[in-house]
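J.: Chains A and B supply the protein sequences, listed in that same order. Counting from 0, one number per residue, gives the positions in the first sequence under numbering that gives the first Met the number 0. Counting from 0, one number per residue, gives the positions in the second sequence under numbering that gives the first Met the number 0.
Some clues are possibly wrong.
To be verified - With a straight-line Cα cutoff of 30 Å, these simulated DSS-like cross-link-like pairs (lysine-lysine) come out:
#1 A:Lys105 / B:Lys206
#2 B:Lys206 / B:Lys105
#3 A:Lys212 / B:Lys105
#4 B:Lys105 / B:Lys212
#5 A:Lys212 / A:Lys105
#6 B:Lys212 / A:Lys105
#7 B:Lys212 / A:Lys206
#8 A:Lys105 / A:Lys206
#9 B:Lys212 / A:Lys212
Stated by the list, open to error - Label-pair ranges, simulated between beta-carbon atoms:
#10 B:His148 / A:Glu162: 28 to 36 Å
#11 B:Arg161 / A:Glu61: 48 to 56 Å
#12 A:Glu162 / B:Gly88: 26 to 34 Å
Don't read these hints as lab results, they were simulated from the structure. Quick reminder that beta carbons are idealized off the backbone N, C-alpha and C, glycines included.
Protein chains: 2
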Amino acid sequence: MCIVGGTGALGFGLALRLGQAGVPIVIGSRDQGRAEEAARRAAADVPAGTFTGLQNESAVREAETVILSVPFRNQVENLANLHHALADGQLLLDATVPLAAAFGGKATRSLGVWQGSAAEQARELLPDGVGVVSAFHTVSAALLSDLDHRLDEDILLCGDSREQKARAAELVQRIDGLRPVDCGRLEMARIVEQLTPLIISINVRNKVRAGIKITGL
Amino acid sequence: MCIVGGTGALGFGLALRLGQAGVPIVIGSRDQGRAEEAARRAAADVPAGTFTGLQNESAVREAETVILSVPFRNQVENLANLHHALADGQLLLDATVPLAAAFGGKATRSLGVWQGSAAEQARELLPDGVGVVSAFHTVSAALLSDLDHRLDEDILLCGDSREQKARAAELVQRIDGLRPVDCGRLEMARIVEQLTPLIISINVRNKVRAGIKITGL
Chain A
0 MCIVGGTGAL GFGLALRLGQ AGVPIVIGSR DQGRAEEAAR RAAADVPAGT
50 FTGLQNESAV REAETVILSV PFRNQVENLA NLHHALADGQ LLLDATVPLA
100 AAFGGKATRS LGVWQGSAAE QARELLPDGV GVVSAFHTVS AALLSDLDHR
150 LDEDILLCGD SREQKARAAE LVQRIDGLRP VDCGRLEMAR IVEQLTPLII
200 SINVRNKVRA GIKITGL
Chain B
0 MCIVGGTGAL GFGLALRLGQ AGVPIVIGSR DQGRAEEAAR RAAADVPAGT
50 FTGLQNESAV REAETVILSV PFRNQVENLA NLHHALADGQ LLLDATVPLA
100 AAFGGKATRS LGVWQGSAAE QARELLPDGV GVVSAFHTVS AALLSDLDHR
150 LDEDILLCGD SREQKARAAE LVQRIDGLRP VDCGRLEMAR IVEQLTPLII
200 SINVRNKVRA GIKITGL
C-alpha cells in the first residue's frame, strides 16, 4: 500500500503503524529524495517493517490502496497528478482536512469546499473506477508516531460503497487499538472533516492529544 | 432549573436524569397542560424527584439555568418569547440541532444557519447578560429516558465564557456517566451541532444508539 504525503506528520505516523503491522509501505512524495529519506527514517523506527520511498506517481502504481495525506492546499494538485496514475479497482483513502489554517486562518476553523468536503472533491477529480473512502481525521499524528503509545480510539469511515468501506476497515484494523466505524455515505465527510478543527480546539483547551470513540457500538 | 421543550424526547430524558440526581426540575412547554402532564409522567418514573410543569415564560423565571431543547423550526419563536422572560445572570444551555429533517430533509443532513450555528443564533437573539452554552447534542434521548441504562459518554460544551461553561459542566456532572468536555468558543457549535446528524447516520448503519467519547482526556 502507498501513502501519498507519507513524509508529513499524519502520513508518516500511519506508515510507521501499518509497517509495524506487517504491511509493506510505499511512501510517496513529490520529491523522490524526500520520499527515500522518509522511508529510511521509518525503517530506523520500525526495523521489521518494509518501507520504500518513491515519487508519487510511481508510488501509487502497484498499490491496491492509497492513503492521500497532504495539506488541503495541495490536494487538488495531487489529485490531478494521480488522475492518470491510478487505475480502476484502486482505493483512495482521503485524509485531507480543509482547515482554515491552510490559508492563514485558525486551525480551529474550516474552509468551505464547493463539493461539500475534501473527500467529495477527491471523488469528483478521480476516475469513476477508483474508489474513495474518507478516513483518519481524528487520530493524532503525534500519537501514531509515538510507538510506545497504546492507541484506543475510532477511525470514522465515510464512503458510497460498502465493499470499499470494508476494505478500508480491514486496513484500519491492522493497526492495534484502532477501530473502524462506518459513518455512512461519502457526503458525511462534510461532518467528519470538521472533527479535526474540533479536536484541535479540545487539545488547546485541555492540553491533550484527543481522539474520538463512538459509544454504544 | 428549567427545561424549555421538556415535553420532547431529549428534554424529557434530561429532566428524568437531572431529577434523579436531586435537581428540582421545572418542565416548560408552550402549553401549560402538556407541561403539567410531562411533570406527572416524570414524577411517576422518578418518584424521588421534584418536577413542576409550567408555561415556558413562567417556567424560566426562577431558573438559574435553562435548557432549550426544542425542534430547530421552533427555536427562533422560543428565543423571541424568552427574550423578555430571561434576565441578566441566567444561563441558557442550547441543545438545538439544525437538522435538515426540520423541513422535510434527511436526518443525516443539516441546514445552514446564517449566524453559523443554532447556538450563535440563540446568542444573537438573547440579551447580552444572558449566558449561552451549547450542549447535549450527542447523547441519545432514548438512553437518557431508559433509567436502567448506564450512561458512559461525553457532553461537548461550547461557549465564550469559561465561568458559564464551568456552570454548565457542573450541571452535566450531576448526571452519572456523563462527562463534560470544553470544546472551545461558542462558534465551535458549528461543528458540534453537526454531530447529531453524524450520530444518526452511525445509528442507522450500525443499529445502535451511539454517543461520543473524547479519548486522551
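J.: Please go over all the hints and tell whether each is borne out by the structure.
T.: These are the hints, each one checked on the structure:
1. Of the supplied pair hints, the one linking Lys105 (chain A) and Lys206 (chain B) is violated, its CA atoms being roughly 37 Å apart against a limit of 30 Å.
2. Restraint check for Lys206 (chain B) and Lys105 (chain B): satisfied, since their Cα atoms lie roughly 17 Å apart, inside the 30 Å limit.
3. Distance restraint check for Lys212 (chain A) and Lys105 (chain B): the Cα-Cα separation of roughly 24 Å lies within the 30 Å cut-off, and the hinted pair is therefore satisfied.
4. Distance check on the hinted pair: Lys105 (chain B) and Lys212 (chain B) sit about 25 Å apart at the alpha-carbon level, within 30 Å; holds.
5. Only pairs whose Cα atoms come within 30 Å are accepted, and Lys212 (chain A) paired with Lys105 (chain A) is accepted, the gap being roughly 25 Å.
6. Pair hint Lys212 (chain B) plus Lys105 (chain A) holds up; C-alpha atoms about 24 Å apart against a cutoff of 30 Å.
7. Note on Lys212 (chain B) and Lys206 (chain A): the hinted pairing holds, with a Cα-Cα distance of about 17 Å set against a maximum of 30 Å.
8. A hinted pair counts as satisfied when its Cα atoms are at most 30 Å apart, and Lys105 (chain A) with Lys206 (chain A) qualifies at roughly 17 Å.
9. Between the alpha carbons of Lys212 (chain B) and Lys212 (chain A) the distance comes to roughly 5 Å, so the proposed pair stays at or under 30 Å and holds.
10. A hinted range of 28 to 36 Å for the beta carbons of His148 (chain B) and Glu162 (chain A) is consistent with their spacing of about 34 Å.
11. A C-beta distance of roughly 53 Å is found between Arg161 (chain B) and Glu61 (chain A), which places it inside the suggested range of 48 to 56 Å.
12. One distance hint, 26 to 34 Å for the beta-carbon pair Glu162 (chain A) and Gly88 (chain B), is violated here, with the actual separation near 56 Å.
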